[in-house]
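Protein chains in written order, with my numbering: chain A, 1 to 369; chain F, 1001 to 1326.
The reader is advised that the hints may include incorrect statements.
Now the stretches of chain A that chain F is said to cover, found in silico as 3 or more residues with beta-carbon under 8 Å [claimed, not checked]:
(1) 13-21
(2) 132-146
(3) 296-302
(4) 305-311
(5) 317-324
Treat the hints as calculated values from the structure; they're not laboratory data.
Ideal Cβ placement from N, Cα and C applies to all residues, glycine included.
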Amino acid sequence: MKSIADVMAAHQVIICAGSGGVGKTTSAAALALYAAQQGRRTIVLTIDPARRLADALGLRELGNEAREVKIKSRGSLSAMMLDQKGAWDKLVERHAPSEEIRQRILANHFYQHLSQSFAGSQEYMAVEQLAELHSSGRYDAIVVDTPPTRHALDFLEAPRRIADFLDRQIIRWFVKPYFSAGWATLRTMNRTVGALFRRLEDATGVSALVEVSDFFTSMASLFEGFEARVARVNRLLKSKETAFVLVASPDEQVLTEAEYFCRKVTELAVPLRGVVFNRVHRESALELRTVDEDWLRNLVSRAAGAEHGPALAETFLNYETLAQGDNLRVEAFRKQLPRRTALATVPNFEEDLHDLDGLRRMIPYLVGG
Amino acid sequence: MTLDSLFRRRLLVVAGKGGVGKTTVACALALEGARRGHRVLLCEVDGLARTAHLLHGREGAVGEVVEARGGVFLMALEGKAALAEYLQLIIPVSRLLRAVFSSRIYQYFVAAAPGLKELMTLGKIWYEIDRCDEATGRRLWDLVILDAPATGHSLQYLRMPAAARDAFTAGLVHREAERLVQKLTDPMRTAINLVTTAEEMPVNETVGMYHQLHDELHMPTGLLFVNRMHRREFSDEAMQRVRAAAARGRDARERTVLEEVVARAREHAGWAAVNARYRTRLAEQVNVPIVEIPFLFTEEFGFAEVKVVAEHMCHAPLAARRGQRA
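The shape of chain F in the complex, shown without the other chains:
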């Protein structure tokens, strides 16, 4: 799997633990896709309009297509709205029925089949993927990118079609769920991409998630983005020399400055070592090509930074897999 082959899929799911930069990677992938001339729809689920914030798009209503910077289109999805939309399609109810439906039975139905909202969100995404322009008959989107909720939750999303297929043994929901399972497990159409930082807990979750995706859900993985890599470009000896210079500094100010330089260097070297260690563990335990993204030293994170991440993605060498799982 390379970045090029990734962009030939129809659906890219971007998943990972909270706070590792999932949304940033999803936005960067969308920017890069659009730069290559694809029509890209970036979807956010039950979201906080983070994609809109990073890509300077207007915060659209649920289900509304909004154009953002870099030629990317955004859409906010919400489980409840997707379910209502779907039920209206399959149950063309009379007004009287609709009144009932909007109250108790509906609520009951939603509660009775937990996970249905998640199922419908995925259904809605595939609806967008297959959607064609009415006039030209051409597909509306070349590529749909899903910025999935934090790990536990996004696996819950991806698990839903199979669970629904097995829970509803017959009928329309069963057939719809089966169709979704087919699409999500088809490596020609779907790639689940993982995002993590090279630290203990995010790596633990990523390894767990990889096994569930691979062994249980049989879903095709794309790339593993290792975000916020600290890289060290100075030697221990150089640090020692600065420490020694601090001790014999000319005045108090020089000494303080050099001491602070050593302190910062230690902080950075520490994280670089942690990152390198867990980067190795990832390569050994997760059988997905790794794309490293360096830590960006900025006061704030916005559109310019997302662009930098997108550029790094393109130029980062794809690391060969070091370990092969039995």
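Bound-form chain A, shown alone:
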């Protein structure tokens, strides 16, 4: 079986997927640090609004710009965070065909109030940023941490959803005539649409509709060439340079979702190359399973004293129970994976890992067999 180290060495783009709360951000940061240690020019990209990566890398502020993390290694490590609101503003700044359109978008009510919640915008921005970093040629390794969605697959479907959102056909058919010819013209032009418009007008207020169509008309010009970019990004996601690494924990619900992810990934022809299990309660030597509990309690109480002995023995037995549950579930999950999938098990350390030393502590478990 391959290790995650092999997967890292063979790919330029590593995408960490998985449901929330499994240590995805920390794992992505640790993998990036490892790549830098191997002498590669590395960047880790996170899209998490909670700034968890900033914590993990010991940086107080992670901006939309790549920042170099000071580490001693042969390669280099940069980190970058996508702030959603900022990212959209940046996109508008970058792609607006004229100053007038740029101002019109930034001043639009809808844009101001809702740009933080466009469906899939977070994921799309990550993907667009990834494509840009990839084509810049500045990095040998790009590690991507995906948003904390309930459904790990949202990330893959985002470009398509944004493409639907900005479907130029719809904009041409619906918005442009309204915007250019005006409300009255459209109403007489098509009675059906007119009647529907009146209802929508009642529901939303006319000014809102004007704003919406203005918004879409402006955005449409912003996204000229968008389809070509989505196609390019999709090619990159499925190319030989890219590897998906699923991050999971031995939690039953997490694993149920992980199973679904693995099935879907095969259907979508996305290259799932590795699985990382975080915070697995380590199994002690096998023979200990046969330990007689009363004998153990006596032994520990003799050693520790009658006051604290029982609690120490209980703690030991409790962790044995956890370890057994974790390892049964991990083992069952592993059996369903294609044989060449790399697997890593990171133990439940006795501390919370969120700084560079913590990441270093994680690396041997992550990249080893």
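Starting from the structure of chain A, add chain F where the hints point.
Coordinates of chain F only, in the frame set by chain A:
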């Protein structure tokens, strides 16, 4: 705020970072509410039927009421379905219109007003809260509990009514959104409860979420559930004594066992220290009463464990707030 006063609200939102046990806490609150004789509806949004799994309910269709164990009722909500339902109410379209509506304009409308789905989900929840039995005229539910999506996303939900109110300057959506804002910010009716574990990243998110709720959204908070607390009931000296005993153990087996006991004790003590540290930080930075829930050592997590959590909730002393924010 105590557990008793919490159960006098109409809507309890349970929010927090992914993976901290939000669904478990939501289920435990629902069980406890039902045990106290309330009619409780537990809602899950765009979900994975996790509540149904934990409370042994059938996995119902979207919008269907399903009875689960412990007298709790479950409902799965989905943004798209709630929006369709709502639009059908406000736009009683002819068949021809409906055909148009089901295709492009509808899709356009959904895309044109991002966040509308979230808004409609909250609208649907308040519809259930206000719903009365047709025969008796009595309210259908005493209490509705919402198991919200992971942090970033659940704030997005809660932010939506105010955003929609400001984006749509007039009309029905504006009025509906305003009504929702009124209800969600009314401390007599709503309480937003936070769930976290006492670890760095979940605590960071919880502190951030608390500030947004409090300073930006002006929504009333309920309780802060600190889940999976490791408690240590042995001293360092006792650990040292076991380590020493391991070194002079009678045979290899005894030595191995005692070494493992020390290793497990260190793992536990480490987490207990981490938990205690972040528990203090929470008390200093989040002005919400804390309810601690201990870590449960089980091989699997199911209905029995949720019941244990519910019992802990009832008996856990409410911690006094240590820090007061200026």
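Practice problem: Mind taking a look at whether chain F covers the stretch 132-146 of chain A? Criterion is 3 or more residues with CB to CB distance under 8 Å. | Solution: violated (count 0)
Practice problem: Check, residue by residue, whether the stretch 305-311 of chain A contains three or more positions whose beta-carbon lies closer than 8 Å to a beta-carbon of chain F, and give the verdict. | Solution: holds (count 5)
Self-check item: chain F over the stretch 296-302 of chain A, status - at least 3 residues with CB closer than 8 Å
Solution: Satisfied; 4 residues make the cut.
Quiz prompt | Given coverage of the stretch 317-324 of chain A by chain F, tested with a Cβ cutoff of 8 Å and a minimum of 3 residues | solution = holds (count 6)
Quiz item: Are there three or more residues in the stretch 13-21 of chain A whose C-beta lies within less than 8 Å of some C-beta in chain F?
Solution: holds (count 3)
Against the hints set out earlier in the document, a violation occurs for number 2 only.
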